[in-house]
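Chemist: Read off the chains here:
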Amino acid sequence: MSPPAAESYLTDGRTVWSWLTTHDHKRIGVMFLGLTLFFFFVGGLFALALRIELLTPGRTIMGHLAYNRMFTLHGVTMVWLFMIPAIPSAFGNFLVPLMIGARDVAFPRLNLASVYLYVLGASIALWGMFEGGADTGWTFYTPYSTTTGTAVLPVLVGVFIIGFSTILTGLNFIATVHTLRAPGLTWMKLPLFVWAIYGTSIIQVLATPVLGMVLLLVALERVVGAGIFDPARGGDPLLFQHLFWFYSHPAVYIMVLPSMGVISEAVCAFSRKNAFSYRMIVYSTLGIAFVGFFTWGHHMFASGQSTFGSGAFGAMSMLVAIFTAIKIFSWLGTLYRGSIAIESPLIYTLGFMFFLFFGGMIGVAYATTSLNLHWHDTYSVVAHFHFIMVGATVMAFLAALHYWFPKMSGRCFPAKLANGAAVLIIFGFIATFVPQFLLGNLGMPRRYADYPPHFQSLHVASTAGASLLAFGFLAIAGYLAWSLRHGAVAGANPWGSDGFEWRSASPPPTHNFSTPPEYPTGPHEYASEEVQHAA
Amino acid sequence: MPPEAVTEHWGSEGARRQAAYLGMWVFIATEVLLFAGLFTAYGVYRSVYPEVFRAAQLTMDVGLGTLNTFLLVTSSIVVALAVHAVREDRPGLGGALLLAAALLGVVFLGVKGVEYAHHVREGGLPGDAYRFTEVPRVGASLFFTLYYLLTGFHALHVTVGVSVLTVLGVRSASGTFGSAYATPVELGGMYWHLVDVIWLFVYPILYLS
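Chains A and B supply the protein sequences, listed in that same order.
Read in order, the letters of the first sequence correspond to residues 1 to 535 in UniProt numbering.
Read in order, the letters of the second sequence correspond to residues 1 to 209 in UniProt numbering.
One chain only, chain B, in its complex shape (with noise of 0.2 Å):
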C-alpha cells in the first residue's frame, strides 16, 4: 500500500465520484418527496373542489407562466451545454455558460416577483388574508395557500440554484474543473435539472387547465 493512499479511501477517483453521484440521486429523491406532499395536496383539494380550481386557473396569467417556463427549460439546456464543455476541457467556456444559466435563473425570479405583485394587488393571498373576488372564497383560497407554496417553495430551490451555478461557473471560469475533475459541476448541473423537472410539473397543474 504506497504511503498516500492511508489518508484516502481504499478506493481511487471514479469510486469517490461514484459516491457522490449516489449521493445526489438520493437527494433528489428526497426532494421529488418533499414536492411529493403538496402535490398530494393539490390533488386532494382539486379533487373536491373541481370548479373553483378551474376558475382559480383561468385566472392565471399564463403568458408569463409558459415565459418562464421557456426561460428555465433553455437553462436547462444550457446547463447541459456547459457540463460537455467541461467535460471537453473548455472550463472557460463552460464558466460563461453556468453564468448564463445562472442568468435565466434570475430572470424567471424576476417574472415570478412580477407574477407575485400582481396577485398582491388583486387580493389573491393565501389563506385568511384572501381579498380575490373573481372566484369564491371556499377553495379559492387553498388553491391559493397551494399556489404560493409550490411556487414560493421551486423559487427557493431556483435561488439556491441560481447561487450553486454562480459558484461553479466562477470556479469553472477559473480553471478548477476540466476532463479530469468535472464532478461539482456534474452533481451542480443535476441539480439545476431537478429544479427544472418539478417546474414542468408544478406550471402545468397552476396553469394550463
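Chain A with its partners taken away, still in its complex shape (with noise of 0.2 Å):
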C-alpha cells in the first residue's frame, strides 16, 4: 500500500533536504533556474559596475585594474554561470522529459550530480573573484592570462567544473531523447524545444571536452610553466586560441539553440498555429550544430593565419546565417495569419527575432574579412554580440519564465504589468547596444576603462539604457515573486497551448503523467477552429 500521491513535485516532500537529495528532473530544473538567476543578478551588478565607470571619461567610480577584473566577472559569470546553463539546464530539465512523455531523464542520479558540480565550480571561481579576481576577460588569451599575477587559477578551475556539469547535462538529454521517449512519439513528431536542446546537447558533449582540456594547460603553464601557449619557451600562444574558440564559438550556438527552441514553441502557442515548415526547422537545428564546429577561425583575421583561412572561415561562418534564416522565415510564416495573441512571452519572442535579425545580419559583415578588420577589438564587437548572445539569450530566456511559470509554479502573474515590463527590457536593450555600435564604428577599443572626451554622449546613452534595463528585470523579479504566492491559481493550460508539456497538470505531479500519454497527432497541432478560419 503506497501512501496517497502527492498533489505535485512541489509538495511532495517540503525539507529542504528533500530537495538537495531529489532525483525529480522538474526539481533539478527549478533548482537550475534558481542558481542561473542569482548569477544573472551577479553578472548584471558587475555589467552595470562597469556602464558607471565608463559615464564619464577618466576615473568615475574604480582604477584601471577594478575595470579589468570587473569585466572579466561579468564576462565569466554571465557565459559560464548564466547564458550556457540557463535555458538548457534549468527549462531543458524540467520539460524534456514533459514533453516526451517519460518519468525522468535517463540518468536521474548523473542530473542530481550535474547541479552539485555546477554549485562546486560556481563556489571555486566565485571565490578566485574575491581573492583577487582574474583581470584577463572571459576569454583568458594566452600569454597575458599565463603571466599576470591576479587569480586566474581558481577561475580556470571553475570553468573546469562547470563544464563537466555541461556535459553532464548534455549527455543525459541525449540518452533520454533517444531511449525514453512515450510509445507512438516518433522522431518527426518531437516538440521543437526538445529538437533544440538535442541539438545543443550534441555540442555540449562534443565541444566542451577541449575546453576542459584548454583551460587545464594553461593552468598547468601557470603552476609548472607548462611552456604549451608561451613563445618563450617554444610555444605558441595561437595554438591556445585556436583549441578555445573550437570550443567557444560552438558554445554561442549552446546559447542561441535552446533560445530558438523556446521562440518555436511560443510562435506557435500564441499564433495558434501549427509551425510553419517544421522539418525544415529541425534540420536547421541541426545544422547549426553542424557548421558551428567549422567557424572558430573567424575570431582570428587579426592573428595572420593565412588569406586562404580567413576565407574559408568566413563562408562557414555565413553559412550559420542560412540555417538562421531558415528560423526566422519558419517563424514569420507561423506567425502570419496567425490568432495571435500578445501575451508577454510573444512580446519578448518579437524582441527575440529583432536582435536576432539586426545581430545576425551584422554577423554576416564581420564574417567578411576585410570589415572585420575595421571592427576588430571594438566596441562593434561586444554590441554584436551583446545582440546575439543577450539579446536572444535573455530575450529567450524571459519569454521562457513567463511561458512556463505557470506550469512550474501553477500560478498566473499579473499579464499587463509583464507586458510592460518586457517592452521597457526591449526598449533598454536597444538603447544600450545601438550606441555602442557606433561608438565601435568611430574606433573607441573594447575592454578600455577610459576614453577621449568626444565619445561621452554615446556612452552615457548606452548607461542611460543599461539602466532602463536594470529597472525592468528589477520589475520582472518584484511582480514575479509576488505571483508565487498570490498569483491567481493557472489551471492546467492557462494559454491554451497544444504544447505537449501542457497535458500534465500544472504543477506536475512528481511522476509527470499517471498514464502513458499518447500521440495521435504531432507536436503543435492546433486542428481547431481558429486555424481552419485563418486558412
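No lab work stands behind these hints: they were computed from the structure.
A couple of the hints might just be wrong.
[Unchecked claim] Derived DEER-like restraints, expressed as beta-carbon distance ranges: (1) Phe357(A) - Glu51(B): 51 to 59 Å; (2) Trp17(A) - Ser174(B): 48 to 56 Å; (3) Glu525(A) - Asp89(B): 42 to 50 Å; (4) Leu48(A) - Leu208(B): 56 to 64 Å; (5) Val423(A) - Val167(B): 54 to 62 Å; (6) Val160(B) - Thr521(A): 43 to 51 Å; (7) Gly123(B) - Trp127(A): 48 to 56 Å.
[Unchecked claim] Stretch by stretch, here's where chain B covers chain A in the computed footprint (C-beta under 8 Å, at least three residues): (8) 171–177; (9) 198–209; (10) 223–231.
The structure presented is a predicted model; accordingly, all values stated were derived computationally and were not measured.
Glycine residues also receive a C-beta, built at the ideal position from the N, C-alpha and C atoms.
Quick one: dock chain against chain with the hints and give me the complex.
Modeler: Okay, structure coming up:
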C-alpha cells in the first residue's frame, strides 16, 4: 500500500533535504533556474558597475585594474554561469521529460550530480573573484593569462568543473531523447524545443571536453611553466586561440539554439498555428550544430592566419546565417495569419527576432575579413555579441520564464505589468547596445576603462539604456515573486497551448503522468476552428 | 498499467540498458575529445620541431613502453573474456577475470612509475624544470610536457579503470551479475577498452619513431 500521491512535485516533500537529494528532473530544473537567476543578478551588477565607470572619461568609480577584473567577472559569470546553463539546464531539465512523455531523464542521479558540479565550480570561481579576481577577460587569452599576477587559477578550475556539469547534462538529454520517448512519439513528432535541446546537447558533449583540456593546459602553464602557449619557451599562443574558439564559438550556439527552441514553442502557442515547415526548423537546428564547429577561425582574422584560412572560416560562418534565416522565415510563416495573442512571452519573442535578425545580419558583415579588420576589438564587436548572445538568450530566457511560469509554479502573473516590463526591456536593450555599435565604428576599443571626451555622449546613452534594463529586471523579479504566492491559480493549460508539456497538471505531479500519454498527432497541431478560419 | 510500473519509466529493463549503453558511448566520445586537444598540440609542435621531437623519442625506453602496451592489450582481452563469462552466467569466473585485469592495470602503473623515475633522475621534466642534456631544450621541453600530460592523463584513466574493475570484480564474484543483469560489467568493460585504445595512440607517437 503506497502513501497517497502528492498533489504536485512542489508538495512532494517540503524539507530542504528533500530538495537537495531529489532525483526529480523538475526539482533539478527549478534548482538550476534559481542558481542561474542568482548569477544573472550578480553578472548584471558587474555590468552596471562597468557602465557607471564609463559614464565619464577618466576615473569615475574605480581604477583600471578593478575595471579589468570587473569585466572579466561579468563575462565569466554571464557566459558560464548564466547563458550556457540557463535554458538547457533549467528549462530543458524541467520540460524535456514532460514533453516526450517520460517520467524522468535517463540518468536522474547523474542529473543531480550536475547540479552539485555546477555549484562547486561556481563556488571555486567566485572564491577566485574575491581572492583578487582575474583580469584576463572571459577568454583567458595567452600569454597574458599565463603571466598576470591575478587569481586566474581558481577561475580556470571553476570553469573546468562547470564544463563537466554541462557535459553530464548534455549526455543525459541525448540518452533521454533517444531511449525514453513515450510509445508512438516518433522523431518527427518531437516538439521543437526538444529538438533544440538535442542539438545543443550534441554541441555540449563534443565541444566542452576540448575547452576543459585547454583550460587545464593554461593552469599547468601557470603552475609548472609547461610552455605550451608561451613563445619564450618555444610554445605558440595562437594554439590557445584555436583550441579555445573550437569550444567557444560552438558555445554561442549552445546559448542560441535552446533560445530558438523556446521561440519556436512560443510562436506556435501564441499564434495558434502549427509550426510552418516543422522539418526545416529541425534540419536547420542540426545544420547550425554541425556548421558551428567550422567557424572558430573568424575570431582570428587579425592573428596572422592565412588569407585562405580567413576566407574559408568567413564563408563557413556565413552559412550559419542561412540556417538562421530558415528559422526566422519559419517563425514569420507561423505568425502569418495566425490568431495572435499579444502576451508577454510573444513580446519577448518579437524582441528576440529583432535582435537575432539585426545582430545576425551584422554578423554576416563581420564574417567578411576586410570589414572585420575595421571593427576588430572595438565596441562594435561588443555590441554584436551582446545583440546575439544577450539579446537572443535573455529574450528567450524571459520568454521561457513567462511562458512556463504557470507550468512550474501553478500560478499566473499580472499580464499587463509583464507586457509593460517586456517593452521596457526591449527598449532598454536597444538603447544600451545601438550606441555601442556607433562607438565601435568610430574606433572606441573594447576593454578600456578610459576614453577621449568626444565619445562621452554615446557612453551616456548606453548607460541610460542599461539603467532601463535594470529597472525592467527589478520589475520582473518583483511581480514574479509576488505571483508565486498571490497569483491567480493557473489550471492545467492557462495559455490554451497544444504543446505536449501542457498535457500534465500545472504544477505537474512527481512522476509527470499517471498513465502513458498518447501521441496521435504531431506537436503544435492546432486542429482548432481558429486555424481553419485563418487558412 | 500495473502499479509497479508507475515507479519506473514507461520502458522496460531493455530500454534502460539501451539508455545506459548510449550514455556510455556519448561519454566515450567526450573522453576522446578530451584527449584530442593534447593530440592536436602534439601534432602542431611535432611539425614545428620535427628533429627535436625525433631525438627526444629516441631517448624513450621503448622496451618498457612495449611491455606496457602488451599489459594493456592483454588486460583488454581478459576483460572481454570476463564480460563473456558473466553473460554466460558464470559470475565467479567473470569476477576473477575482472580482478586479474585490474591487477594488470596496477602492473602497468608500476612500470609507468619506473619510467617516470628514470626521467626524473635524468632531468627529463616538463617546462621550466627541464634539465635533460641529451636533447636541446627548445622544443624538447615541449615534448616532455606533452609526454607527461598524455601519459599522466592516461594513467589517471587507468587508475579510475582499475578501481572500476575492482568494484565490478568483487560484486561479480559475490553473484550480483549474471545473464539477466550484466550492464554494469559491459559498461565497465567498454571504459577499459577505451583506456586501452587511447594508449594505442599514445604509445606510437611517443615511443616509436
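Chemist: Next, verify each hint and record whether it holds.
Modeler: Right, here's what the structure says about each hint:
no. : hint                              : verdict
1   : Phe357(A) - Glu51(B): 51 to 59 Å  : holds, 54 Å
2   : Trp17(A) - Ser174(B): 48 to 56 Å  : violated, 32 Å
3   : Glu525(A) - Asp89(B): 42 to 50 Å  : holds, 49 Å
4   : Leu48(A) - Leu208(B): 56 to 64 Å  : holds, 58 Å
5   : Val423(A) - Val167(B): 54 to 62 Å : holds, 58 Å
6   : Val160(B) - Thr521(A): 43 to 51 Å : holds, 47 Å
7   : Gly123(B) - Trp127(A): 48 to 56 Å : violated, 36 Å
8   : 171–177                           : holds (count 5)
9   : 198–209                           : holds (count 5)
10  : 223–231                           : holds (count 5)
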